[in-house]
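Same order as they appear, the protein sequences are chains A and B.
FYI, the numbering for the first sequence is 1 to 217, going by our numbering.
FYI, the numbering for the second sequence is 218 to 558, going by our numbering.
Because the hints were derived from the structure by calculation, they are not lab data.
Watch out, some of these pointers could steer you wrong.
Claimed, not checked - Distance condition first, Cα-Cα at most 20 Å in a straight line; then the derived DMTMM-like pairs of lysine to aspartate or glutamate:
1. A:K40 x A:D71
2. A:K48 x A:D69
3. A:K120 x A:D41
4. A:K120 x B:D340
5. B:K365 x B:D340
6. A:K193 x B:D340
7. A:K120 x B:D333
8. B:K319 x B:E276
9. A:K193 x B:E342
10. A:K48 x A:E18
11. B:K358 x B:E342
12. A:K52 x A:D41
13. A:K52 x A:D36
14. A:K120 x B:E342
15. A:K48 x A:E37
As the list claims (entries may be wrong) - What follows is a set of in silico ranges between Cβ atoms, one per label pair, in the way DEER data are often shown:
16. B:S327 x A:V144: 49 to 55 Å
17. A:R45 x B:S323: 42 to 48 Å
18. B:L461 x A:L166: 22 to 28 Å
19. B:D333 x A:D71: 24 to 30 Å
Said to hold, decoys possible - Rough simulated footprint, nothing fancy, chain B against chain A, three-plus residues with beta-carbon under 8 Å:
20. 111–123
21. 196–202
Quick reminder that beta carbons are idealized off the backbone N, C-alpha and C, glycines included.
Here is how the chains run, residue by residue.
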Amino acid sequence: FPGLADVSISQDIPVEGEITVPVGSHSPDEDYSTLDEPVKDTIMRDLKAVGKKFVHVMYPRKSSALLRDWDLWGPLVLCVSLALMLQGGSADSKDDGGPQFAEVFVIIWFGAVVITLNSKLLGGTISFFQSLCVLGYCVLPLTVAMLVCRLVLLAGVGTVSFIIRLIVVGAMFGWSTLASTAFLADSQPPNRKALVVYPIFLFYFVISWMILTFTPQ
Amino acid sequence: VGPGRAGPRAAAGPGRAGADAVSAPAQGGGSAVIDMENMDDTSGSSFEDMGEMHQRMKEEEEEEAEGEAGAGEEEDGEFLGMKGLRGQLGRQVADQMWQVGKRQASRAFSLYANIDILRPYFDVEPVQVRARLLESMIPVKMINFPQKIAGELYGPLMLVFTLVAILLHGMKTSDTIIREGTLMGTAIGTCFGYWLGVSSFMYFLAYLCNAQITMVQMLSLLGYGLFGHCITLFVTYNIHFHSLFYIFWLVVGGLSTLRMVAVLVSRTVGHTQRLILCGTLAALHMLFLLYLHFAYHKVVEGILDTLEGPNMPPFQRVARDIPVVSNAVLNTTAKAIALTL
Numbered sequence: 001f002p003g004l005a006d007v008s009i010s011q012d013i014p015v016e017g018e019i020t021v022p023v024g025s026h027s028p029d030e031d032y033s034t035l036d037e038p039v040k041d042t043i044m045r046d047l048k049a050v051g052k053k054f055v056h057v058m059y060p061r062k063s064s065a066l067l068r069d070w071d072l073w074g075p076l077v078l079c080v081s082l083a084l085m086l087q088g089g090s091a092d093s094k095d096d097g098g099p100q101f102a103e104v105f106v107i108i109w110f111g112a113v114v115i116t117l118n119s120k121l122l123g124g125t126i127s128f129f130q131s132l133c134v135l136g137y138c139v140l141p142l143t144v145a146m147l148v149c150r151l152v153l154l155a156g157v158g159t160v161s162f163i164i165r166l167i168v169v170g171a172m173f174g175w176s177t178l179a180s181t182a183f184l185a186d187s188q189p190p191n192r193k194a195l196v197v198y199p200i201f202l203f204y205f206v207i208s209w210m211i212l213t214f215t216p217q
Numbered sequence: 218v219g220p221g222r223a224g225p226r227a228a229a230g231p232g233r234a235g236a237d238a239v240s241a242p243a244q245g246g247g248s249a250v251i252d253m254e255n256m257d258d259t260s261g262s263s264f265e266d267m268g269e270m271h272q273r274m275k276e277e278e279e280e281e282a283e284g285e286a287g288a289g290e291e292e293d294g295e296f297l298g299m300k301g302l303r304g305q306l307g308r309q310v311a312d313q314m315w316q317v318g319k320r321q322a323s324r325a326f327s328l329y330a331n332i333d334i335l336r337p338y339f340d341v342e343p344v345q346v347r348a349r350l351l352e353s354m355i356p357v358k359m360i361n362f363p364q365k366i367a368g369e370l371y372g373p374l375m376l377v378f379t380l381v382a383i384l385l386h387g388m389k390t391s392d393t394i395i396r397e398g399t400l401m402g403t404a405i406g407t408c409f410g411y412w413l414g415v416s417s418f419m420y421f422l423a424y425l426c427n428a429q430i431t432m433v434q435m436l437s438l439l440g441y442g443l444f445g446h447c448i449t450l451f452v453t454y455n456i457h458f459h460s461l462f463y464i465f466w467l468v469v470g471g472l473s474t475l476r477m478v479a480v481l482v483s484r485t486v487g488h489t490q491r492l493i494l495c496g497t498l499a500a501l502h503m504l505f506l507l508y509l510h511f512a513y514h515k516v517v518e519g520i521l522d523t524l525e526g527p528n529m530p531p532f533q534r535v536a537r538d539i540p541v542v543s544n545a546v547l548n549t550t551a552k553a554i555a556l557t558l
């Protein structure tokens, strides 16, 4: 305001007014309180959230809790446990089991990223991490199947055990695909659901195949 | 609070507006009337400061929306008065540079990492995908009229992933051992390498031979041509007859190759160019199928060869639980090969 350079306020005229400042800063208090709570509370809260999501996966209903507050703890735990259990199943005993672990990790995370990108490109309304969260959590039935397979393999390797494992893995594969489809296909336009379901089907099929062809050393 | 407060407000820089205004009366002795003499009036006019104050408030709102990381230090700064001015100026400059840098980075990110660039290529219906899959096995008859190629990437991408899955199955069934790397890495590398590499090479050749085809169309054409590969490998990785494989190779592979070749021919002018393009594509396509079958079955043949020998190699004992049917087939194939040797 160059033209008004010589304007000044005389001191006889008091300047009055009111300032209402919205004191909306509750966050420092919140940080203060969650920072100060015992570690057990923090861990239990996170564990409860993860456990609730596991329940949602096992009984897939149309609830948005899995989508609303996503977290990647569950998928990480499942992925690591599946990779550990699938380790050492290679035919050559000179193989040190390292590539198996890396393979499972890469397949799960790379596959989940590709499916997410695909569903976003097809016009989905779900966000990147929400989709990763759902796909990761829906690996739970397959992890359970892996556990069962290992127990069955302890009993022996034969046609009967193969048939049992085939049935178990097949059922869990179907469960995984249905659970993740229940969450992910809703975010798509209705006539394109098949386009989104196919990659999910392929993804869980590859994981199921790895579980089924696992033989311990 | 009038313009008299503009002095320290401008010097304070972006900070919490709320804490600022609330704390001011305490500093000024509880009254809203401010003595101009005590002010740090670095600029000539109070109205200029007013303008700057407005600017600061606007930037503050933006910053508060994003985060208040620097708020703490700004609050400390505003009480320093004259001494803190140089620090304030430095902080403002740094802050402005940060804003500019952030804006540039987010613009670059939204330009290059924008997934929406690929969105038009995924705009398909399931019916269309199914139709195109079936069409990829039917050679066209009209080669004098340029055939339409749909520039779509969903179908080819899904076919490549399916091929990866089938290859993985084949490698595990034949007990392929990869030392420097993983099975998955090899499968993905092979399939994607073929799809992207051969597409690029053919696009380059098409450019040399003046064919009317774009890169996306070439990717799409080659991708759909992998449908024949998927079918052939899916069948022959489970039923290990060599003659069956050769029949499938010729019939199924040949059909999909013929279709691709016909489409390319319809878009090229000149006999030599047509010959070059189609010969290269046919050779690469058929040889790839041959490679996929034999590279991952050699180990099976190795086992079968030694089955007749007296000593059993170690990995024989950890035979996988392949279904009983294919075991019988394996034995039959073994006997057939042993007879021919």
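Hints, verified against the model:
1. A:K40 x A:D71: 19 Å, holds
2. A:K48 x A:D69: 13 Å, holds
3. A:K120 x A:D41: 36 Å, violated
4. A:K120 x B:D340: Holds: A:K120 and B:D340 sit about 11 Å apart, inside 20 Å.
5. B:K365 x B:D340: Holds, at about 17 Å.
6. A:K193 x B:D340: Cα-Cα ~13 Å, so holds.
7. A:K120 x B:D333: With a Cα-Cα distance of about 9 Å, the restraint between A:K120 and B:D333 holds, given a limit of 20 Å.
8. B:K319 x B:E276: 14 Å, holds
9. A:K193 x B:E342: Satisfied, since the Cα-Cα distance of roughly 10 Å is no more than 20 Å.
10. A:K48 x A:E18: The given pair, whose Cα atoms are some 48 Å apart, is violated under the 20 Å limit.
11. B:K358 x B:E342: At roughly 26 Å apart (the allowed maximum being 20 Å), B:E342 and B:K358 break the hint.
12. A:K52 x A:D41: 16 Å, holds
13. A:K52 x A:D36: 25 Å, violated
14. A:K120 x B:E342: Roughly 15 Å separates the two Cα atoms, so the pair holds.
15. A:K48 x A:E37: 16 Å, holds
16. B:S327 x A:V144: 49 to 55 Å: For A:V144 against B:S327, whose Cβ atoms are near 42 Å apart, the range 49 to 55 Å is violated.
17. A:R45 x B:S323: 42 to 48 Å: 33 Å, violated
18. B:L461 x A:L166: 22 to 28 Å: For A:L166 against B:L461, whose Cβ atoms are near 25 Å apart, the range 22 to 28 Å holds.
19. B:D333 x A:D71: 24 to 30 Å: Holds: the Cβ-Cβ distance is about 27 Å, inside 24 to 30 Å.
20. 111–123: Coverage by chain B holds here, the residue count being 7 at a Cβ distance below 8 Å.
21. 196–202: holds (count 3)
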